[in-house]
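> What follows is the residue order along each chain.
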Amino acid sequence: MEKEIAGKMISVNNEGYLTNFSQWTKEVGEAIALENHIIMTPRHWEVIAYLQNEHKNNVALSIRKIGKSDVLDIKEFYALFPQGPLKTSTKIAGIPKPASCI
Amino acid sequence: MKKILILGAGTAGTMMANHLSHELDAKEWQIQIIDENEEHHYQPGYLFLPFEIYAPEDIIKRIEEFIPNGVELIKGSIDVISPKTNEVIMADGRILNYDILIIATGAKIAPEEIAGMKGSEWQKSVFDFYTFEGALALRNKLREWQGGKLLVHITEMPIKCPVAPLEFAFLADSFFKHKNMRDKVEISFVTPLSGAFTKPKATAALDHLLDEKHIKIEADFAIESVDNDKKVIVDYGGREVAFDLLVTVPTNKGDELLARSGMGDDLNFVPTHKATLQSLEYENIFVLGDASNIPASKAGSVAHFEAEILTQNIKHYIKGEPLAEEFDGHANCFVETGDGKALLIDFNYTHEPVEGTFPFPGIGPLRLMKESRINHMGKLAFRWIYWNMLLKGTHIPFVSSHMEEAGKNFN
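From first to last, the protein sequence lines stand for chains A and B. Anchor point for the first sequence: position 55 equals 57 in the working numbering, and the numbering is continuous, going up by one each time. Anchor point for the second sequence: position 344 equals 956 in the working numbering, and the numbering is continuous, going up by one each time.
These are computed hints drawn from the structure, not numbers from a lab. Cβ atoms here follow ideal geometry from the backbone N, Cα and C, with glycine treated the same way. Among the hints, a few may not be true.
Lysine-lysine pairs mimicking DSSO-like chemistry, simulated, CA-CA at most 30 Å apart [claimed, not checked]:
1. Lys-5(A) to Lys-28(A)
2. Lys-811(B) to Lys-67(A)
3. Lys-843(B) to Lys-89(A)
4. Lys-813(B) to Lys-953(B)
5. Lys-67(A) to Lys-931(B)
6. Lys-761(B) to Lys-77(A)
7. Lys-842(B) to Lys-865(B)
8. Lys-982(B) to Lys-825(B)
9. Lys-89(A) to Lys-825(B)
10. Lys-730(B) to Lys-67(A)
11. Lys-99(A) to Lys-70(A)
12. Lys-615(B) to Lys-931(B)
13. Lys-70(A) to Lys-842(B)
14. Lys-865(B) to Lys-70(A)
15. Lys-58(A) to Lys-886(B)
16. Lys-58(A) to Lys-673(B)
17. Lys-720(B) to Lys-70(A)
18. Lys-720(B) to Lys-67(A)
19. Lys-720(B) to Lys-99(A)
20. Lys-696(B) to Lys-99(A)
21. Lys-99(A) to Lys-865(B)
22. Lys-687(B) to Lys-673(B)
23. Lys-828(B) to Lys-99(A)
24. Lys-843(B) to Lys-77(A)
25. Lys-89(A) to Lys-811(B)
26. Lys-982(B) to Lys-791(B)
27. Lys-99(A) to Lys-811(B)
28. Lys-58(A) to Lys-865(B)
29. Lys-886(B) to Lys-70(A)
30. Lys-886(B) to Lys-67(A)
31. Lys-77(A) to Lys-67(A)
32. Lys-736(B) to Lys-77(A)
33. Lys-865(B) to Lys-89(A)
34. Lys-67(A) to Lys-687(B)
35. Lys-89(A) to Lys-615(B)
36. Lys-67(A) to Lys-825(B)
Residues from chain B that keep clear of chain A, each with C-beta distances beyond 12 Å, as calculated [what the hints assert, rightly or not]:
37. Met-702
38. Ala-749
39. Glu-768
40. Ser-786
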């Protein structure tokens, strides 16, 4: 389905995750962040860039993996994206919701 | 004479030993299986032990009973696998070589992964039920517990039998009702997931059951530590949940052997091709059951379906033929819902659990995703099937290793 985000029609799934990454822009990310009550800072964008890069390299994302990365620890991840940080951050990043749960 | 070596004589390894001993020519192939334990435990029975539905003797037999004639059982601990030289080095220094290696070393709990979990309250007010010792200690605790806040908790995914914690919560509700003390117990289900289960459709059905049984759900809880003094669990966001009795499923990891051998991922699970079950790194190594990293449930039913396909693939491999990419992630689980009822779920990599009938399309007698008494009878009968058919590699009539699509209501 399509949803208007930051003035553009964007394809999303029923949970609001982008289905076509080429439609992602920083403005789209910012608008999704606002919907989740998050004001983006340069640090937020660093984490988003890291997640997008991991996704591009086909790395399955999980809280545990992020905790073991040198980019940030889990505490900070929660401070930046409260509640479910992996779910919220991947939505802002325009990448699929991690399927780490089986 | 060529050699197949199986590591681990649990559910997966034992089934494989039985399949291969039927399928391979004993004049050409020697089959050996290694395990350090004396006993084979029916692990699904751990769930019933705390509630005294099963006694210890119901779920323990000797490993030897299930190893077929012609397969050599080697008792001992393994130090390391040396995949480049096709050798397994035992703790006592013995070296076993192989032509084909099957890793079936399973998954174990690792409570030490979370700060304070294995602290001063371990087996006093903090328990696991994924080990025999844990389930037994919890049984003793429940005999005398006067009530309070009971948390049923999942640390992180993946875990063996992802429905077992829910079943525990349902059975606890039923158990305390029968003891006439349900009003003294507040049950909460604490999970890192956003709902009761990993698949959306089953989650909706199970969330409803939790609600009906007055079990509160604390979702999206990623535990950071257990505070033994305050008796609370704390998540990374600072959220605290208080407990009088914490029944947790700790982090599940593959065997340390895989870390020592440099063959595991960050949780010691072996990177494995999800449709052929061949190791991604070594072509003469195959991985069966909980030990692999494939995105299927870690459950005996999955190992059972895998074993049928892996047997074919071992035969293909021996003949130099291409492997069949056939494993579809099929899992089939009874979910105990308390009060003598159960529901049944059937799913694979691509299909979520749905409503329908099983194993006969349109007839049943088992019903998918619906609570019923016959499903519960099915779950109890399964123990007999496990000991008498499953481990011996006997094909279970009418149940296919691929998920059957007829008789199910997709969409």
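> All hints are to be evaluated individually against the structure, with a verdict given for each.
Here is how each hint holds up against the structure:
About 16 Å separates the Cα atoms of Lys-5(A) and Lys-28(A), which keeps this hinted pair within 30 Å; it holds. Restraint check for Lys-811(B) and Lys-67(A): the C-alpha separation of about 22 Å stays at or below 30 Å, so the hint holds. Among the hinted pairs, Lys-843(B) with Lys-89(A) is consistent with the structure: their alpha-carbon atoms are about 29 Å apart, no more than 30 Å. The straight-line distance between the Cα atoms of Lys-813(B) and Lys-953(B) is roughly 20 Å, inside the 30 Å bound, and the hint therefore holds.
With a C-alpha separation of about 40 Å, the suggested pair Lys-67(A) and Lys-931(B) falls outside the 30 Å cut-off, and the hint is violated. Distance hint between Lys-761(B) and Lys-77(A) is fulfilled; the C-alpha atoms sit about 27 Å from each other, no more than 30 Å. For the proposed pair Lys-842(B) and Lys-865(B), the alpha carbon gap of about 28 Å is at most 30 Å, so the pair holds. About 15 Å separates the Cα atoms of Lys-982(B) and Lys-825(B), which keeps this hinted pair within 30 Å; it holds.
For the given pair, Lys-89(A) sits about 28 Å from Lys-825(B) by alpha-carbon distance, which is consistent with the 30 Å threshold. In summary, the hint linking Lys-730(B) to Lys-67(A) is supported, as the alpha carbons are separated by about 23 Å, within the 30 Å threshold. Restraint check: the Cα-Cα separation between Lys-99(A) and Lys-70(A) comes to about 20 Å, which is no more than 30 Å; the hinted pair holds. For a cut-off of 30 Å, the pair hint linking Lys-615(B) to Lys-931(B) stands: about 15 Å separates their Cα positions.
Restraint check: the Cα-Cα separation between Lys-70(A) and Lys-842(B) comes to about 28 Å, which is no more than 30 Å; the hinted pair holds. Taking the CA atoms of Lys-865(B) and Lys-70(A), the gap is near 16 Å; set against the 30 Å cutoff, the hint holds. Among the hinted pairs, Lys-58(A) with Lys-886(B) is consistent with the structure: their alpha-carbon atoms are about 21 Å apart, no more than 30 Å. A distance of roughly 49 Å separates the Cα atoms of Lys-58(A) and Lys-673(B); the hinted pair therefore is violated under the 30 Å criterion.
Pair hint Lys-720(B) plus Lys-70(A) holds up; C-alpha atoms about 21 Å apart against a cutoff of 30 Å. In summary, the hint linking Lys-720(B) to Lys-67(A) is supported, as the alpha carbons are separated by about 19 Å, within the 30 Å threshold. At most 30 Å may separate the alpha-carbon atoms for a hinted pair to count; Lys-720(B) and Lys-99(A) meet this at roughly 27 Å. Annotation: proposed proximity of Lys-696(B) to Lys-99(A) is violated, straight-line Cα distance about 37 Å (limit 30 Å).
Between the alpha carbons of Lys-99(A) and Lys-865(B) the distance comes to roughly 23 Å, so the proposed pair stays at or under 30 Å and holds. For the given pair, Lys-687(B) sits about 16 Å from Lys-673(B) by alpha-carbon distance, which is consistent with the 30 Å threshold. Restraint check for Lys-828(B) and Lys-99(A): the C-alpha separation of about 25 Å stays at or below 30 Å, so the hint holds. With a C-alpha separation of about 21 Å, the suggested pairing of Lys-843(B) with Lys-77(A) holds against the 30 Å cut-off.
Our distance criterion of 30 Å between C-alpha atoms is met by Lys-89(A) and Lys-811(B), whose separation comes to about 15 Å. For the suggested pair Lys-982(B) and Lys-791(B), the alpha carbons sit about 26 Å apart, so the restraint of at most 30 Å is met. A threshold of 30 Å between alpha carbons decides the hint, and for Lys-99(A) with Lys-811(B) the separation of about 13 Å falls inside it, so the pair holds. Taken as a hint, the Lys-58(A) and Lys-865(B) pair is honoured in the structure, with Cα atoms around 27 Å apart against an allowance of 30 Å.
Pair hint Lys-886(B) plus Lys-70(A) holds up; C-alpha atoms about 25 Å apart against a cutoff of 30 Å. Simply put, Lys-886(B) and Lys-67(A) have alpha-carbon atoms about 21 Å apart, close enough for the 30 Å limit, and the pair holds. A threshold of 30 Å between alpha carbons decides the hint, and for Lys-77(A) with Lys-67(A) the separation of about 13 Å falls inside it, so the pair holds. Of the supplied pair hints, the one linking Lys-736(B) and Lys-77(A) holds, its CA atoms being roughly 29 Å apart against a limit of 30 Å.
The straight-line distance between the Cα atoms of Lys-865(B) and Lys-89(A) is roughly 24 Å, inside the 30 Å bound, and the hint therefore holds. Restraint check: the Cα-Cα separation between Lys-67(A) and Lys-687(B) comes to about 36 Å, which exceeds 30 Å; the hinted pair is violated. A hinted pair counts as satisfied when its Cα atoms are at most 30 Å apart, and Lys-89(A) with Lys-615(B) does not qualify at roughly 47 Å. The hinted pair formed by Lys-67(A) and Lys-825(B) fails the criterion: a straight-line CA distance of about 35 Å is larger than 30 Å.
Every CB of chain A lies more than 12 Å from the CB of Met-702(B), the least distance being 32 Å, so the non-interface label holds. Against chain A, the non-interface label of Ala-749(B) holds: every CB pair exceeds 12 Å, the least being about 27 Å. A cut-off of 12 Å between C-beta atoms contradicts the statement that Glu-768(B) is not in contact with chain A; the least separation is 6 Å. With 12 Å as the threshold on Cβ separation, the claim that Ser-786(B) sits away from chain A holds: the shortest Cβ distance comes to roughly 27 Å.
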